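Here are the chains, one letter per residue:
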Amino acid sequence: MTRVGVVALNTFREAVRDRVLYNLVFFALVMMAAAILVGQISIGIEQIVIISLGLSAISIIGLLIAVFIGVGLVSKEIDKRTLYALLAKPLRRWEFLAGKFAGLVLTLTVNTAAMAAGLFLALYYVKHSLQRADLVVLVAVYFILLKLALVVALAMLFSCFTSPLLAILFTAGLYVAGLFVHAMRGLQGGLMSPALAAVLRAVSYVLPNFENFDVMGAAAHGRAIPGALIAQNTAYAALYCALTLGVAAAIFSQRNLK
Amino acid sequence: MTEAAIEIENLTKDYPYGFLQLKKKRSLEGLTMQVQTGEVFGFLGPNGAGKSTTIKLLMRLIFPTAGTARILGKPISDIAMHRRIGYLPEQPYFYDYLTAAEVLDYFARFHDFSAEERRARVERTLKKVGLETAGRIQLRKYSKGMLQRVGLAQAILHDPEVVVLDEPMSGLDPVGRREVRDIILELKKQGKTVLFSTHILSDAEMLCDRVGVIVGGKLQGVGAPGELVGMKAQGMEILFEVAGGEEIPEVKNNLLALSARTGDRYRLQVEESALYTAIEELKAAGARILSVTQVKPSLEEYFMHLVATDRAQAAAVEVSAK
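So the protein lines, in turn, are chains A and B.
Quick note on the working numbering: the first sequence kicks off at 1 and runs consecutively.
Quick note on the working numbering: the second sequence kicks off at 1 and runs consecutively.
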């Protein structure tokens with residue numbers, strides 16, 4: 001097994017033993033309550049409510065894990081000095097970072113897959129059947145996973161050169177800013193100075209574009225999602241993660257571990 | 001001539017500090033030394049002297065401001081060379097959600113051993129460090145001494161040629177210290193090179209072929225413990241006792257008054273030239289001579305002298321700066 005894989009599997013094992021996956025119980029309770037409630041009070045919009053609620057819960061729970069555990073992936077190892085013995089082994093620092101990233105993404109994948117299964121169960125409970133169109137929910141879940149991978153990469157980048165608290169704030173700030181990139185690109189010179197509008201437009205192209213990953217509306221209404229968008233989002237997330245982790249590795253490779 | 005296993009040349013480390021990180025504190029200054037293949041080398045110094053800084057530089061946990069280091073003829077950045085070295089960090093800490101066996105298995109995976117070989121090595125090493133019965137317990141339930149043993153286990157698990165131990169006796173009870181000493185001696189017997197830092201001088205005197213003393217970030221001396229402190233005897237010590245624990249009423253030159261008494265036994269330190277006269281006098285007074293040994297300055301005295309000199313110099317610099 002590659003060294004990256006060894007670190008990744010241990011990171012996954014850590015998440016499991018630290019009971020990170022216990023959030024699934026919370027998610028299951030939310031979905032059960034929602035399914036029972038929606039079945040009683042909604043007429044004709046059960047699918048919309050269940051899918052919207054389910055995808056939102058998957059996204060929020062995933063974001064919390066990605067930010068808080070993502071920041072701790074590196075900082076906790078430095079604080080607890082578990083990294084010292086490890087880096088004396090034949091392991092490059094970038095391999096350690098890549099392994100940590102892969103391990104948390106694996107954790108999030110398992111977590112998200114389990115929540116998606118719960119969502120489909122709730123959907124089946126209220127609709128009493130599942131159609132082919134419901135598969136679009138899987139695409140929405142996949143996009144959430146891509147978004148979470150990007151958030152993990154950002155959290156790791158910030159934790160490589162700043163304190164955990166600041167890393168959490170920076171990651172959260174960048175996530176929120178990334179939800180408004182289209183608005184930033186659409187800013188006109190009339191609202192502000194043309195120079196500032198140009199700067200904001202330029203910044204919007206550097207910021208991670210999290211808006212592209214939001215297809216909750218389409219999924220809730222059973223509208224198909226074009227294959228081109230799936231390919232584009234996959235490539236975007238892969239490239240952005242690679243760049244972010246590349247910068248993180250460059251910083252971390254020079255860092256003195258006191 | 002034996003080849004150097006560790007070569008350090010002009011290694012210097014500055015730590016930036018202050019709000020803008022513009023000020024610099026020198027932690028290690030121009031360290032140049034070698035550790036020969038197959039020797040046990042003790043790196044001595046008080047807390048904050050630069051021992052751990054040197055070891056962390058060797059393990060590429062921190063990066064030098066100047067200078068270079070090579071282990072087994074390879075630059076320390078050579079990742080393949082890290083297969084051939086073992087490292088015990090100071091006050092080691094490992095993933096507390098794992099058992100000792102799992103931690104060792106995890107570290108062994110970086111050395112590409114087969115599953116069967118990993119299992120055998122883990123079992124063997126746990127036994128060697130005295131953790132064979134605690135290997136399946138999560139590390140969060142381990143005491144400091146047990147963690148130290150796990151640290152030692154992961155450092156020797158892959159049978160490295162060079163073992164670097166940062167304060168290996170720290171946190172251990174007398175039994176644990178004895179076991180670590182035995183492991184170091186066994187490594188030496190196997191022809192391994194061991195570099196370990198300590199401020200426990202008796203350990204260094206007992207184990208090391210050579211020691212290096214570092215104070216205030218500067219290497220003050222390197223050599224065999226005996227060589228370093230000087231071979232010239234400071235005098236002779238006579239250990240004697242008096243039959244039935246009686247007082248000796250008359251001894252010329254008041255030798256008894258000069259003796260230190262512990263229980264029924266007396267220790268008397270005399271000049272080498274006065275040794276035989278003193279023995280004759282003691283025998284004549286009815287004392288039974290138990291042993292006569294040369295008194296040499298100890299490593300501790302040498303060490304304390306260096307520390308005191310360094311502090312005096314630092315104080316002088318401070319006064320002149322004012």
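It is worth saying that the hints were derived from the structure and are not from the lab.
Treat the hints loosely; a few may be bogus.
To be verified - Computed Cβ-Cβ distance ranges for the label pairs, DEER-style: (1) B/Leu20 / A/Asp214: 54 to 64 Å; (2) B/Asn10 / A/Asp214: 55 to 65 Å; (3) B/Lys25 / A/Phe26: 44 to 54 Å; (4) A/Ala33 / B/Lys23: 53 to 63 Å.
If you're wondering where the values come from, they're calculated on a predicted model, not measured in any experiment.
Ideal placement from N, C-alpha and C gives every residue a C-beta, glycine not left out.
Results of checking the hints against the structure:
1. Separation of B/Leu20 from A/Asp214 is about 41 Å and departs from the stated range, judged on CB atoms against 54 to 64 Å.
2. About 57 Å separates the C-beta atoms of B/Asn10 and A/Asp214, a value consistent with the hinted range of 55 to 65 Å.
3. Between B/Lys25 and A/Phe26 the beta carbons are some 49 Å apart, a value that agrees with the proposed interval 44 to 54 Å.
4. Evaluation of the 53 to 63 Å hint for A/Ala33 and B/Lys23 yields a pass: the beta carbon distance comes to about 59 Å.
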